[in-house]
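> Sequential numbering from 1 applies to the sequence shown in my numbering.
FYI, nobody ran anything at the bench for these hints, they're computed from the structure.
Some hints here could point you the wrong way.
To be verified - Listed next, with one range per pair, are the computed distances between beta-carbon atoms:
(1) R111 x P68: 29 to 35 Å
(2) N92 x R185: 45 to 51 Å
(3) K301 x K55: 18 to 24 Å
(4) A286 x E159: 57 to 63 Å
(5) R245 x A317: 42 to 48 Å
(6) V24 x R245: 27 to 33 Å
(7) D291 x K55: 31 to 37 Å
The beta carbon of each residue, even a glycine, is placed where N, CA and C say it ideally should be.
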Amino acid sequence: MTSAKRVLLAKPRGYCAGVDRAVVTVEKALELYGAPVYVRKQIVHNRHVVAELEKRGAIFVEETDEVPEGATVIFSAHGVAPIVHDEARARNLKSIDATCPLVTKVHHEARRFAAADYDILLIGHEGHEEVIGTSGEAPDHVHLVDGPDDVANITVRDESKVVWLSQTTLSVDETMTTVDRLKTRFPGLESPPSDDICYATSNRQQAVKDIAPQCELVLVVGSTNSSNSVRLVEVAKQAGAHDARLVDFAHQIDEAWLDGVTTVGLTSGASVPEELVEQVLAFLAARGYGDVDEILSAQEKLAFSLPQELRRDLKAAGKA
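Required output: the full structure, derived from the provided sequences and hints.
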């Protein structure tokens, strides 16, 4: 390992297409309808993004019944159960669904397999908003599998009609370990027609795997309630980094973490704006880590169109 202090900057990092779409949805809604615009749950799991949108007039609520009747409400990127849409209609809310299209795909899969009377083994973290939303599509058919150790607790009605789906932001390696255990338990287990773990989650984990073996410390910029950010810390350690830490902001970095560290790896979760990474780079440069080498693992070009409800209103207002 080189003796000069350096930073290995993972790429891809930061915003994915679904997060970018969700954040722009709130920004455009504020421009078009004016403040306040209500958002159910955090639009994406990032403290900075939420705070900045609040400054512009977004009001974040936990449940639909907190939104005044007739107001505009945006559903977060993580998706909601059908009952939430019903609640919005009952309150005469103008709803805009900013659910990531890759999460919507999992919802479609859940409905399709439930219609065929399958038991659906949903791999994910209990209480995560995405899991709640997907489970709500077929509550009588979905069994949550919270990691490999939970496999032994699962019972199904018919072992010949079982399929697994997953939360989109999980560790790829841990998910496949869970799937392998499920297949051992249920040999007839079917797989989803395409990967449920999203491209951005997979790519960011691979980028960390590529740099971690060369790093004494990997810093992941992201919030503690961001599943994909937390997974990046785990992946970094498993891939060979001596240490890995999650921070929302540069000022949270403890300088003691840098003692004896020559190479720092740096990445960010899929809901993190690049300005927060730049602040960490400035923090590190001020402490001698001015040599930055960006390591490219994959190219990302995917983009999603805005929710159709918002596109329609923008077009009507001549702002499409």
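> Does the structure break any of the earlier hints, and which numbers would those be?
Per hint list: single violation, 3.
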